[in-house]
Amino acid sequence: MESVIQTRGLCFSYYPAEKERYALQNVSLSFLQGEMVALVGPNGSGKSTFFKLLAGLLEPTAGSVEVFGKNPKSLKEEGTLGTQIGLVFQNPDNQIVAAVVEEDVAFGPENLNLSSREIKKRVEEALRLTGLWEYRTRATYALSGGQKQRLAIAGALALKPQILLLDEPTSMLDPLGRKEVFELLEKLNREEKLTVIYITHYMDEALRAQRLLAFGQGRLAFDGRPVEFFAQKALVEALQLAPPPLYQLIEKLRAQNLKISDAVTTPELLVGELCQLL
Amino acid sequence: MPITLNDVSFLYNPGTTLEVKALNRLNVNFKEGEITGIIGPTGSGKSTLLMLLNGLLKPTAGEVTVDNLSTTNKVNLKAIRQKVQLIFQYPEHQLFAETVWEELAFGPKNFGIEITEQKATLLLEQVGLSEQYLHSSPFELSGGEKRRLAIASVLGISPKYLVLDEPAVALDPLGKETIYNLLFSLKKQGVTVIIVSHNMDEVARLCDKILVLDRGNLIAFGDKNQVFLKLLEKNVQGLSLPVYAEVIKLLRERGFNVDPKFSLEETVAEILKVVQNNAKH
Numbered sequence: 001m002e003s004v005i006q007t008r009g010l011c012f013s014y015y016p017a018e019k020e021r022y023a024l025q026n027v028s029l030s031f032l033q034g035e036m037v038a039l040v041g042p043n044g045s046g047k048s049t050f051f052k053l054l055a056g057l058l059e060p061t062a063g064s065v066e067v068f069g070k071n072p073k074s075l076k077e078e079g080t081l082g083t084q085i086g087l088v089f090q091n092p093d094n095q096i097v098a099a100v101v102e103e104d105v106a107f108g109p110e111n112l113n114l115s116s117r118e119i120k121k122r123v124e125e126a127l128r129l130t131g132l133w134e135y136r137t138r139a140t141y142a143l144s145g146g147q148k149q150r151l152a153i154a155g156a157l158a159l160k161p162q163i164l165l166l167d168e169p170t171s172m173l174d175p176l177g178r179k180e181v182f183e184l185l186e187k188l189n190r191e192e193k194l195t196v197i198y199i200t201h202y203m204d205e206a207l208r209a210q211r212l213l214a215f216g217q218g219r220l221a222f223d224g225r226p227v228e229f230f231a232q233k234a235l236v237e238a239l240q241l242a243p244p245p246l247y248q249l250i251e252k253l254r255a256q257n258l259k260i261s262d263a264v265t266t267p268e269l270l271v272g273e274l275c276q277l278l
Numbered sequence: 001m002p003i004t005l006n007d008v009s010f011l012y013n014p015g016t017t018l019e020v021k022a023l024n025r026l027n028v029n030f031k032e033g034e035i036t037g038i039i040g041p042t043g044s045g046k047s048t049l050l051m052l053l054n055g056l057l058k059p060t061a062g063e064v065t066v067d068n069l070s071t072t073n074k075v076n077l078k079a080i081r082q083k084v085q086l087i088f089q090y091p092e093h094q095l096f097a098e099t100v101w102e103e104l105a106f107g108p109k110n111f112g113i114e115i116t117e118q119k120a121t122l123l124l125e126q127v128g129l130s131e132q133y134l135h136s137s138p139f140e141l142s143g144g145e146k147r148r149l150a151i152a153s154v155l156g157i158s159p160k161y162l163v164l165d166e167p168a169v170a171l172d173p174l175g176k177e178t179i180y181n182l183l184f185s186l187k188k189q190g191v192t193v194i195i196v197s198h199n200m201d202e203v204a205r206l207c208d209k210i211l212v213l214d215r216g217n218l219i220a221f222g223d224k225n226q227v228f229l230k231l232l233e234k235n236v237q238g239l240s241l242p243v244y245a246e247v248i249k250l251l252r253e254r255g256f257n258v259d260p261k262f263s264l265e266e267t268v269a270e271i272l273k274v275v276q277n278n279a280k281h
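Protein sequence lines correspond, in order, to chains A and B.
The first sequence runs contiguously to residue 278 in the numbering used here.
The second sequence runs contiguously to residue 281 in the numbering used here.
Keep in mind that the hints were calculated from the coordinates and are not lab data.
Ideal Cβ placement from N, Cα and C applies to all residues, glycine included.
Careful: at least some of the hints might be erroneous.
[Said to hold, decoys possible] Ranges between beta-carbon positions, derived for each pair:
1) B:V75 to A:R128: 58 to 68 Å
2) A:S64 to B:Q89: 33 to 43 Å
3) A:K121 to B:A61: 49 to 59 Å
4) A:D93 to B:N181: 28 to 38 Å
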């Protein structure tokens, strides 16, 4: 599979004068086209710094980032970074710029100097994908939290990026909003083949990724499948994390000799497999 | 009864075209020394209920009493607010003093309580913060530490009732754990704790009682297990179940005879029971 983002020896310090105070140290990895990747780690572990470096919001102190073979800074200067990487932050209220749903989604494409027909087309596509088409003429302030976050995602999608980068996209939402937004991300990854990279404190969301990156003290402490990560108890504990309740249940059931596969990441899938055993 | 809601309704903007009924005829008794979790979808009236508990809002109809003092009577408010301390979401955003000690001293001063250095040290100890921080700026603390400092700053008033809106939201797992342990230890010291939370696994773990609101109506109030049992049968839009209850619910929907359980061990036992009774031979 094609690599979409590549980092080599990536380091960052907020205090470049004091060389030892690195927020991120020596991270080399690549993200592949169509991956769904969760970034986890305690507060202050470097995951948000890593995120900002990928998004071109910070420049590396040492090492490099390449997005489709180019430095994010030069993509930003060309004005094409937004069409490669869609950014979504914690609080959708900070990202919504217009008073009406469809106008908000149109804001990005309008800045690309596209024809009005193309803008219309993109707005419709983005709103349909995020399930907001029927809300297109609503006032943005009147949306629920989950709808607002979906709108922020629609705004990013209208630029047709190949990668979605999200910083704790569900942390300010209620359970219904969380479910809406996370299921949307899974759909965009599965059906639109978008590369989805998200930071989360919710370990149940991390379990549902294809790949998990764990950060600790500015270093990449784990890179692999979520189930393999949660199986490494000492590491999980050292990172001040805990396996999600569902994973704990699966482990206990396995300890009782029930065969539960690694594919189980939701209560529905667990019950499905349990029923096969019966 | 410590905190009692007697037929309480609350309207925003009553008598205008913008009138919204936020709470509808609630009757609730919060018992002493228990942890109660208030749950419900967005817009169900949870925050309105919190603000009624210490008289920030007055009921449009009915009465709220705290140790038999009515919040409707202005004379009682100071006494009520000393008893009932309200901690909003992200209380660390309200930190402002230059040192941790000043932060701890500010609230109690308004009630004529002096926070000596020794008392400040004790408060920090109570929330698991090192006394080394006493003279540091509150803004040097990490997110989870700031949250605990904000909680410590109301404990100086020795509240009998502590009401918290989403106490552990947006903290990392360790930060959440320290808040849970703090609430458990406050409960042991006899403090009555009332929390609002969206996190069902958190509510399942922390609370003795659960109160469910939906569009201003009381859907259920009582012992944790009984309330979850009720929620298994009745879907409240926008409310999710704890993961274990979700698994049990799905098994029941498939026709298996499982008892609703909400802890890890009990859920494992229930599933094993089903497997043993139904195993393919």
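Okay, the hints, checked on the actual structure:
Taking 58 to 68 Å as the suggested C-beta distance range, the pair B:V75 and A:R128 conforms, at roughly 59 Å. The hint said 33 to 43 Å for the Cβ distance between A:S64 and B:Q89, and at roughly 40 Å that hint holds. Against the hinted window of 49 to 59 Å, the Cβ-Cβ separation of A:K121 and B:A61 comes to about 53 Å, which satisfies the hint. Distance hint check: the CB atoms of A:D93 and B:N181 are about 33 Å apart, consistent with the given range 28 to 38 Å.
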